Amino acid sequence: MTTLTDPPRESFRLSMLLNDTRYRSFTFQGIALILLIAAIAYLGNNLATNLSAAGLNISYDFLGDPAGYDINQTLIPYNSQSPHLQAAWVGIINTLLVAVLACATATVFGVIAGVLRLSNNWLVAKLMAVYVEMFRNIPVLIWIIIIFTIMTVSMPGPRAFRGDNAESSMLFDMFAFTNRGVYTPGPELTNPLFASTALNWVLVLAVLVGAFFGARALSKWATAKQNATGIRPTTWYWTLAVWFVPVALLLTFMGLTWDIPALKGFNFQGGIKIGGPLIALWFALSIYTGAFIAENVRAGILAVSKGQTEAASALGLRPGRVMNLVVLPQALRVIIPPLISQYLNITKNSSLAIAVGYADITATLGGITLNQTGRAIECVLLLMLFYLVISLSISAVMNVYNNAMKLKER
Amino acid sequence: MKKSLFLGALTVAGLAASAAAAATLDEVKARGKLNCGVTTGLVGFAAPDANGNWEGFDVGVCRAVAAAVLGDPTAVEFVPTTGKTRFTALASGEIDLLARNTTWTFSRDVDLKFTFVGVNYYDGQGFMVPKELGVSSATELDGATVCIQTGTTTELNLADYFRSNNISYEPVPIETNAEAQQQYLAGACDVYTTDASGLAATRATFEAPDEHVLLPEIVSKEPLGPLVRHGDNEWGDIVRWTLNALITAEELGVTSANIADMASAAGNNPEINRLLGTEGTLGEMLGVSADWAKNAIAAGGNYGELFEKNIGEATPIGLARGLNAQWTDGGLLYSPPFR
Amino acid sequence: MSDIHAHSVAFVRDTQLPPAPPPVAETGVVKWLRENLFANWANGLLTIAALYVIYLVASATVPWIVRGVWNTDSLAQCREVLDGVSGACFSVISERWNQLLFGFKYPSELYWRPSLAFAMLFVAAAPVLFFDLPRKLLIFTGLYPFIAFWLIWGGSILTPIVALAGFIIGYFVYERLVTGSFAAGFFGGVATAFAIWFIGGWIIPDGAGLLALEQVPSRDLGGFMLNMMLGVVCVSLSLPLGIALALGRQSNLPLIKGVCVVFIEFVRGVPLITLLFVANVMLSYFFPPGSGVDLFLRVVIMITMFSAAYIAEVIRGGLAALPKGQYEAADSLGLDYPQAMRLIILPQALKISIPGIVNIAVGLFKDTTLVSVISMFDIVGMIRGPILASTEWNGVYWELFMAASVLFFVVCYGISQYSQWLERRLATDHR
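Chains A, B and C supply the protein sequences, listed in that same order. Numbering follows the numbering used here, in which position 48 of the first sequence is assigned residue number 54; successive positions increment by one, without gaps. Numbering follows the numbering used here, in which position 193 of the second sequence is assigned residue number 303; successive positions increment by one, without gaps. Numbering follows the numbering used here, in which position 297 of the third sequence is assigned residue number 299; successive positions increment by one, without gaps.
I should point out that these hints are in silico values taken from the structure, not numbers from a laboratory. Values in this document were obtained by computation on a predicted structure and should not be read as measured data. Among the clues, some could well be false.
[Unchecked claim] Derived list of chain B stretches under chain C, where covered just means 3 residues or more per stretch with a C-beta under 8 Å from a C-beta of chain C:
(1) 142–155
(2) 189–196
(3) 278–284
(4) 313–327
[Said to hold, decoys possible] Reference excerpt, derived from the structure (chain A facing chain C, CB under 7 Å, subset only):
(5) Gln35
(6) Ile37
(7) Leu39
(8) Leu133
(9) Ile152
(10) Thr155
(11) Ile383
(12) Leu389
(13) Met390
(14) Tyr393
(15) Leu398
[What the hints assert, rightly or not] Pairs of lysine-lysine, DSSO-like flavour, derived with a Cα cap of 27 Å:
(16) A:Lys132 to A:Lys312
(17) B:Lys419 to A:Lys270
(18) C:Lys33 to A:Lys132
(19) C:Lys353 to C:Lys326
(20) C:Lys259 to C:Lys353
(21) B:Lys139 to B:Lys223
(22) B:Lys331 to B:Lys223
(23) C:Lys138 to C:Lys353
(24) C:Lys259 to A:Lys354
(25) B:Lys419 to B:Lys331
(26) C:Lys33 to A:Lys312
(27) B:Lys223 to B:Lys143
Where is the CB? At the ideal position from N, CA and C, for every residue including glycine.
Can you build the whole structure from these sequences, using the hints too?
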């Protein structure tokens with residue numbers, strides 16, 4: 007109470023560290039800091055003692071040594087003589103590949119199931135409810151194993167395609183569905199502009215990007231015209247032309263042919279192979295996460311109050327427009343944040359690739375490299391670092407989005 | 111366990127720092143149990159039966175060591191380890207001994223700081239293919255899809271072999287033997303490769319074993335043996351000489367059937383006497399009881415008996431002795447003398 | 003006139019007609035079908051497609067299940083009995099049922115102990131889950147962890163009693179001192195509890211024989227029991243930790259806030275499987291040499307940290323959802339921080355967070371199957387390891403994974419139904 011009369015004069019007393027709110031926070035933080043340092047020192051000391059007792063050291067030199075093993079799906083150059091670091095990169099790219107693919111298909115599954123679950127068709131709604139509950143309540147590891155097993159056991163092996171009256175045949179003589187993966191025709195350029203294959207495809211991509219901007223400009227022009235005259239010019243054939251004509255010309259010029267897979271020796275050769283483990287993991291992750299996304303979508307649609315729909319109808323909007331202009335924009339605000347955290351889950355769950363033999367980062371760096379070099383601590387730390395970087399970047403994107411989408415209150 | 115649960119937090123630093131280099135032998139004796147790392151399940155080498163009892167060739171080694179040190183072959187805690195966890199488990203002291211089909215290689219010995227005490231099975235990596243493929247040699251496997259069980263030296267050997275023969279292949283790494291088998295049988299891969307002993311064991315469980323052949327190529331040397339941590343030489347000696355005792359016992363004709371007779375009184379073969387402790391002080395030198403070797407051999411029989419009981423020709427696995435015969439029979443088993 | 007009229011009208015009804023039945027299309031089953039299945043042509047197509055999907059699934063599975071064989075000793079015998087017809091071989095489940103539930107090493111004559119602990123779990127959980135039950139039941143809930151520990155691991159009853167005594171005496175000390183200051187109460191209580199445990203640690207070896215059950219090392223735990231135990235233990239342990247982390251993250255002490263943020267974001271940023279790798283290959287390096295913290299405990303530590311981070315985020319959501327007025331009201335009453343939190347903020351925030359916490363718990367329970375990757379024999383580990391590796395059952399996949407799926411489905415679906423019920427109930431409370 008004395009402080010009220012003459013606060014500045016009071017000299018500092020030790021008891022104020024506990025009793026005075028101005029200083030108490032320093033006490034607590036000081037204690038916390040000491041505890042933290044003590045804990046870190048204790049654990050670090052244990053680590054050092056244990057490692058020196060075992061004669062080990064922490065060193066990342068092994069990353070430069072030849073890996074010595076082969077990987078079945080490599081999107082960047084890699085052979086068994088490449089260093090462990092390169093194997094880790096192969097794994098990282100494979101992780102990202104399956105994560106991106108699974109995110110895309112999971113969204114599709116989720117939106118379809120979520121919307122159908124609200125359908126007024128009783129049977130379909132119930133069926134979707136069964137799907138959602140089945141996948142939400144059974145561990146993803148079990149699903150991955152089951153789907154991988156279904157793939158291996160129920161699909162034919164390449165051997166079934168052999169012989170004159172083979173048990174299986176290729177779809178349109180172009181696609182082969184085997185338990186080792188799906189073989190599809192692959193595009194090949196007979197008259198490439200550049201020596202490097204990748205560069206040619208970059209060119210094609212560039213043309214497509216150009217077409218995208220062209221189509222946008224076209225639509226902008228049409229809108230401007232509509233605003234000016236009230237009549238929207240018919241542009242769909244122009245749009246189609248902008249999209250397809252340049253690419254088709256370019257590809258014809260470069261001599262596009264299709265490399266069709268054919269059974270040679272033990273396997274199908276030629277074309278593009280989408281490996282069995284990739285398909286199993288991709289499908290399992292999408293259908294599992296799809297069930298969760300379905301719930302988010304349903305919740306998002308239900309969160310838009312009925313008054314909004316009714317008001318929109320009262321304005322005379324057609325049902326399609328009610329959905330597009332009124333319900334979806336509001337539902338999206340609710341759907342997107344959990345959706346992105348589902349994407350995060352997919353990325354993290356893709357580490358279960360080891361159950362199906364897909365060469366992701368957990369299987370290369372955290373699997374074979376770890377086994378071969380015995381550098382457990384280093385490998386696990388790098389592995390965690392990778393996932394952390396991915397997660398934090400996705401969260402950062404999500405925060406930016408959330409801030410942009412926040413209801414602007416005035 | 112019970113103490114570590116809530117007193118673990120109290121086991122303060124001071125208590126712990128001194129215990130850094132406690133001898134493994136003393137620890138095992140104090141604990142009354144040997145912690146032995148084995149596989150999570152490979153029939154014939156180490157697998158739990160329907161009642162949860164571990165059985166197999168590697169398990170036999172664990173039991174022999176437990177019998178030699180503690181006098182009780184059942185005083186073993188089997189710790190299942192995967193290819194990923196086995197070395198950490200050993201290095202961190204979770205297990206005292208690793209007997210898990212582990213190949214003795216330079217880097218494991220030198221870089222990972224382990225001591226391989228000997229070889230209990232000379233193996234090599236082989237290939238199994240379905241007969242209908244008509245393949246008779248591994249060099250015909252160009253373009254094949256190969257199932258590999260991960261976590262072993264197998265991936266490296268395979269890469270080396272195919273690279274040196276300049277043929278291509280597609281690896282499918284699989285975690286467990288059961289799943290690799292499923293892939294192979296479903297035709298998702300043409301070839302299954304792992305240690306030849308493992309292939310034989312796997313083929314034995316097939317519905318129609320005759321439809322699969324093992325190719326003649328053995329592409330690697332796989333000396334499998336038990337290992338311990340670097341630095342505790344006394345403990346290493348105990349495990350090494352227990353293994354040697356099993357091998358020597360077979361060479362000298364000491365079996366679990368006649369060991370009681372032979373050990374009751376000194377016979378006229380001095381080496382048997384020294385081995386069984388009826389003469390000399392070998393046990394004392396090793397720091398264990400005089401009848402250590404007798405206990406070790408009585409636990410599951412000598413090397414030959416262990417082999418025949420778990421993986422020999424009479425079992426479903428049906429491995430021939432081959433390289434694993436005594437040197438007197440043209441094999442590689444050659445124990446240093448007990449003297 | 004009237005005559006004419008009477009003649010011109012041939013018939014006058016003087017009684018009312020009985021109401022005609024509604025048209026067939028507007029009643030009963032047909033109406034329901036029309037409205038719910040064939041409202042328009044698109045809907046009809048959907049219905050037919052759905053029916054086709056159901057037919058496909060049913061035709062593939064129903065005969066297979068119906069023809070299932072339940073009592074053979076091996077897959078080979080199953081195949082003999084089935085004689086080439088496709089059918090399930092459920093014998094593997096009936097023969098290995100105990101292994102699926104308890105793992106392969108838990109002594110079979112002791113199965114009653116975990117079963118009893120499991121049954122008591124329901125009694126212990128009931129007062130927490132249903133608020134209408136008598137509050138006195140909570141005493142049993144408090145005792146349950148110690149009873150369950152004693153039942154599952156065995157050993158002298160002194161161990162759980164000492165542990166319990168530590169908690170109780172620590173709590174009394176806390177009660178005594180908390181009137182002065184929360185910090186004094188809290189640290190006093192914790193210190194007392196540790197002191198009791200430390201003293202107890204000396205007593206336990208002497209009374210080792212007292213009411214001793216046969217000891218079972220935690221390495222011998224396995225099967226679905228292991229999943230249940232990991233789920234229950236880790237969720238219960240992570241609740242207080244999660245609350246602490248959430249409060250820490252809301253705190254305005256920069257150091258504490260920073261530590262909590264880093265911890266939460268780190269744990270949430272990595273997959274559980276890498277944390278399990280840490281438990282398996284790294285954590286033992288961080289303990290004092292020779293302390294022999296076993297794998298079960300290490301896994302519990304890591305999973306607890308994992309779920310605590312997620313629960314902290316849910317609770318933070320609950321804290322943020324409280325109107326600011328609640329904080330201000332607490333301040334204006336002159337409550338200090340611990341009092342405000344204990345008496346005003348947390349009870350409300352936790353109530354809002356319950357459905358979210360239950361969701362995390364379900365997810366965590368499912369994720370306990372990941373321990374199979376680090377050579378622990380939970381139910382998936384049992385299937386992938388010993389059962390499929392055995393010569394009798396090599397090649398049985400569907401039946402085993404079906405059994406595991408059913409077990410998980412029953413538990414998780416039950417919990418999520420509870421959560422929905424709770425959500426409805428809490429929602430009405432607010433109106």
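Hint check:
1. Residues of the stretch 142–155 of chain B with a Cβ under 8 Å from some Cβ of chain C number 4, which satisfies the need for three, so the listed coverage holds.
2. Counting residues of the stretch 189–196 of chain B whose CB lies closer than 8 Å to any CB of chain C gives 6, so the stated coverage by that chain holds, three being the minimum.
3. Residues of the stretch 278–284 of chain B lying with their CB closer than 8 Å to a CB of chain C number 0, which falls below the three-residue condition for coverage.
4. Counting residues of the stretch 313–327 of chain B whose CB lies closer than 8 Å to any CB of chain C gives 3, which reaches the minimum of 3, so the coverage claim holds.
5. Among the interface hints, the one on Gln35 (chain A) holds; its C-beta lies about 4 Å from the nearest C-beta in chain C, closer than the 7 Å criterion.
6. For Ile37 (chain A), the interface hint is violated, the least distance from its beta-carbon to any beta-carbon of chain C being 9 Å, above 7 Å.
7. For Leu39 (chain A), the shortest C-beta to C-beta distance to chain C is roughly 6 Å, which falls under 7 Å, so the interface hint holds.
8. Satisfaction of the interface hint for Leu133 (chain A) is found here, the shortest Cβ-Cβ separation to chain C being roughly 5 Å, below the 7 Å cut-off.
9. This hint holds: Ile152 (chain A) has a C-beta 5 Å from the nearest C-beta of chain C, less than the 7 Å allowed.
10. A hinted interface residue such as Thr155 (chain A) counts as satisfied when its beta carbon comes closer than 7 Å to some beta carbon of chain C; here the least separation is about 5 Å, so the hint holds.
11. Taking 7 Å as the C-beta cut-off, the interface hint given for Ile383 (chain A) holds, the closest approach to chain C being about 5 Å.
12. This hint holds: Leu389 (chain A) has a C-beta 5 Å from the nearest C-beta of chain C, less than the 7 Å allowed.
13. Using the Cβ-Cβ criterion of 7 Å, the hint placing Met390 (chain A) at the interface with chain C is satisfied: the shortest such distance is roughly 5 Å.
14. For the restraint placing Tyr393 (chain A) at the interface with chain C, the shortest Cβ-Cβ distance is roughly 5 Å, inside the 7 Å limit, so the hint holds.
15. Among the interface hints, the one on Leu398 (chain A) holds; its C-beta lies about 6 Å from the nearest C-beta in chain C, closer than the 7 Å criterion.
16. Taking the CA atoms of Lys132 (chain A) and Lys312 (chain A), the gap is near 23 Å; set against the 27 Å cutoff, the hint holds.
17. With a C-alpha separation of about 45 Å, the suggested pairing of Lys419 (chain B) with Lys270 (chain A) is violated against the 27 Å cut-off.
18. For the suggested pair Lys33 (chain C) and Lys132 (chain A), the alpha carbons sit about 18 Å apart, so the restraint of at most 27 Å is met.
19. A distance of roughly 17 Å separates the Cα atoms of Lys353 (chain C) and Lys326 (chain C); the hinted pair therefore holds under the 27 Å criterion.
20. Distance check on the hinted pair: Lys259 (chain C) and Lys353 (chain C) sit about 23 Å apart at the alpha-carbon level, within 27 Å; holds.
21. At most 27 Å may separate the alpha-carbon atoms for a hinted pair to count; Lys139 (chain B) and Lys223 (chain B) meet this at roughly 24 Å.
22. With a C-alpha separation of about 21 Å, the suggested pair Lys331 (chain B) and Lys223 (chain B) falls inside the 27 Å cut-off, and the hint holds.
23. Restraint check for Lys138 (chain C) and Lys353 (chain C): satisfied, since their Cα atoms lie roughly 20 Å apart, inside the 27 Å limit.
24. Using a Cα cut-off of 27 Å, the hinted pair Lys259 (chain C) and Lys354 (chain A) holds, with the two alpha carbons roughly 26 Å apart.
25. A threshold of 27 Å between alpha carbons decides the hint, and for Lys419 (chain B) with Lys331 (chain B) the separation of about 24 Å falls inside it, so the pair holds.
26. Our distance criterion of 27 Å between C-alpha atoms is met by Lys33 (chain C) and Lys312 (chain A), whose separation comes to about 26 Å.
27. For the hint linking Lys223 (chain B) to Lys143 (chain B), the alpha-carbon distance of about 24 Å falls within 27 Å, and the restraint holds.
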